[in-house]
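Turn these sequences into a full structure, and let the hints guide you.
So the sequence lines, in the order shown, correspond to chains A and B. Just so you know, we're using this note's numbering here: the first sequence kicks off at 542 and counts up by one. Just so you know, we're using this note's numbering here: the second sequence kicks off at 348 and counts up by one.
Nothing false has been slipped in among the hints.
Taking beta-carbon pairs under 10 Å as the criterion, some of the chain A residues facing chain B (in silico):
(1) Gln1078
(2) Pro1154
(3) Ala1156
Just so you know, these hints were derived from the structure itself, not from any lab. Beta carbons: idealized from backbone N, C-alpha and C, even for Gly.
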Amino acid sequence: MLLLPVTAGMASALRTCLCVLTVLVLGVADAALAAMASPGEAPAAVPGETHRDVSGEGVVIRIGVLSHRGDESTRRTWNATADYLGTALPGHRFLIEPLDFADIDAAVAERRVDFVLANPGIYVNLEVHHRVSRIATLRNRVGERETNVFGGVIFTRAGLTEVQRLEDLRGRRLAAVDPTSLGGFEMAWGELAAHGIDPWTDLTLSFAGIHDAVVHAVERGEVDAGTVRTDILERMAEAGAVDLTALRVLNPQQDPDFPFLRSTPLYPEWPFGKLRHTDDDLAQQVAIALLQMPRDHPAALAGGYAGWTVPLDYQPVHRLLERLHLPPFDRVTRFTLRDALRRYWPTLLLAASALLVMAVLTLRVLHLNRRLKRAKARLEQRHELILDSVAEGIYGVDLAGRTTFVNAAMERLTGWRAAELIGRNQHELLHHTRADGSPHPGSECPVYATFRDSQPRYVDDDVFWCKDGRSLPVEYSSTPIRDEQGATVGSVVVFRDMTERKQAAEKLRRHQEELAHVARLSTLGEMASGIAHELNQPLTAISANARACVHLVEGGRATLAYCSDVMERIAAQAERAGEVIRHIRHFVRKEPPQIRPAQVAAMFETVTALLRPEAERASVVIETRIGEGAEWVLAQEIQIEQVILNLARNGIEAMAETAPPEAGADRPRRLALSAGLCGDGVAISVADTGPGLDPAVAETLFQPFVTTRSEGLGLGLSISGGICEAHGTRLQVETSPGQGSRFWFVLPASVAPAASPPP
Amino acid sequence: MAADPTVFIVDDDQGVREAVSLLMESVGLPTETYPSAQAYLDAFDAARPGCLVLDVRMRGISGLDLQQRLAAEPLHPPIVIVTGHGDVPMAVRAVQAGAVDFIEKPFNDQVLLDAVHRALQRDAEVRGQALRRADILERLRRLTPREREILDLIVAGRRNKVIAANLGISQSTVEAHRAKVMEKLEARSLSDLMRMVLLAARE
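Rendered as structure tokens:
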């Protein structure tokens, strides 16, 4: 309520505040009392009857008169009128009660008077507050001029040439009669306000209390301008109290029907008002008496007026006071609120409750909203933290193939910044080319295929391209993202850098290669004596044959045919030795790790050649059998040879432990190397007729350093198993105690290569 | 009984077998070859002079096994062991079992030929001794029990006088028996007599 005027002009705000504060602080109790008391039949106040019962000369009727030129002057002016009324209404004695501006409201409120004669401004207040009603309006007379309306005149000294218009008064001193004087201030205020001037702030105001003082103050130059009601200047001039030529009227209004100088619109003259408690019949008689008073009646002449007319319309005064927010219109807002409160309190209470509830709800919603926001922020933060803390690269793709989000690992692994990836086509950035350098069309991209068919995918051998052009070996999964309705809206890709794993796998493979090679050398070492024997035999034969030939030649007994026969034998034996050496060299060489078609027969031959001495010593017969379609396999030849050799040696040694055939054994010592079609592949098996394996041993058979032999490291089967695994197959064993064992594995079948390999 | 000593070759490697056979024949030695120990055992005749060239590492019965079996025979050809990968324990075992020589393959032909010749010589010696012993035993069987008794005492180093006293016969009777023994055994001297008795006594 106090804040509202701030939006209006500063002056009116100040004034409104002042008035409101005054009313609030000082007048609350009185005003409330008055407001409540006036409608009722006023038990507390002094009743009007006491006045009337005073004397035998008749009922005393008191007429309160605004005394604006002093009490004596007032009595002088109005006693004749009172006498006139006393004459007109026999049995009544009318008394004039001079009342000044401050007194008049209280006198009316306390019913100290029965009628009231005041200026229209005060009358309007009394009308509003005390239901005073007008019964006649004064006709004013100045000299021979008479009128029942009046206004305000604003004037300055004639010599003050700087002031020509009302606007020129800004910043200057203005004298007025009283802040509550209608003609002496408020009318001028209204006119100044109409010209955009607020006398309270734009001018320096002073109040002289009575009209004559204002005129004298201007005359004496104590102020720059003054305002009084119309006719004051003319009256004073007639009385010789002022020289009108020394003064100049500002904003003069030209009106042939109005005889006085004026600066403002006209308002009705003083009304003769009746208080509420005053008897209506009495009031009617008084009104008739007043209206019947002749304009030249001595009472009128004494009062300086020209009789009375029917009461005029006082709405212009109402409007003026309203416009200036002057009493009684200063309290309109407060009364409205009060009344509203009194009248509509259930509705207001309901509304207030509703507002309160709404406010509480709003606060609650705001609070919830803040909590939700915080929770959301926390979730997002956690989300981000989780995304960024995993080692795998993660990114999202929308249906148009654009990247929607990436995590920190993705940035680290690929070198691309999130800002460079998000919103761009991920396939063109990351996935444009395959590992072998061929272009990778987007139509074949597994990531896009994922949201086309909504099936999760896993790709374990692919590359992503880094920002610096490196390729990154990756394995990744691509999973469709679905919205609430289950429709696929994109996919999320989780990938892992395979560089280290690939390197580790390569290292492991090389290590196994080395191990296999070492194992071959070791095996060969174990077989050295047998192999030496295998070489010694042909060397011995060669040597002996050659010497025999020499002896014969020296003895002169040699024939050409004989020698030629011996040479044939020598050559055959040398070739035999060469064959053994060839097999050995083949066996110990380091083969490039390539899987190629390998001839099964050649592998069996090498194994047989290397194992012949051991087999002979152990009286083992080696048989080989190669089925149709099983001639070629896809393998690393040397490694598979090693596996067959290991298995064959194991078989021979197992059989060597059994009783020799001569000693009554009913089974022959036979080692069978065989190859046969098995499904799509070729099963290569090594079977012996040894004692079979202890089931306990069979379980740990393929572990390293497990051996049943006294010599050797026990690496043979472990390495053989590893080689088979590297070939994507599994070394398997079937054993039956007393019957022998059969080891076998399956390799992909192949055909002879188009160009026969060099011997 | 074949007069010519033969070189018996046992080797399961045909190439080696034939080459060794050829080498022997080139220096005029008759040979017989066998592909396995069992084949040789089947054809074994203790009376045949010669020597055995034996490969150690063979399927079935090995060379050393054959050597042990032959050692059970009263008479067998001397053995030359031939091996592709000899080691000391094997050599010791072979020599203790009576091998004449232990030769590693591949060998110098002269080494093998020398070994074969030594073996044949030894076989000849052994076979000569065996003949003499059989002869002596035959002569010993001709002695009367009294003559045998007096022979044992003579070999034990007793003088005639002591023998006479022991047997309770006269010294001249002892001398007569003694002359008879010398005559029957065809001994030319006492030392000759002693050698015959020791040879006969050797198992």
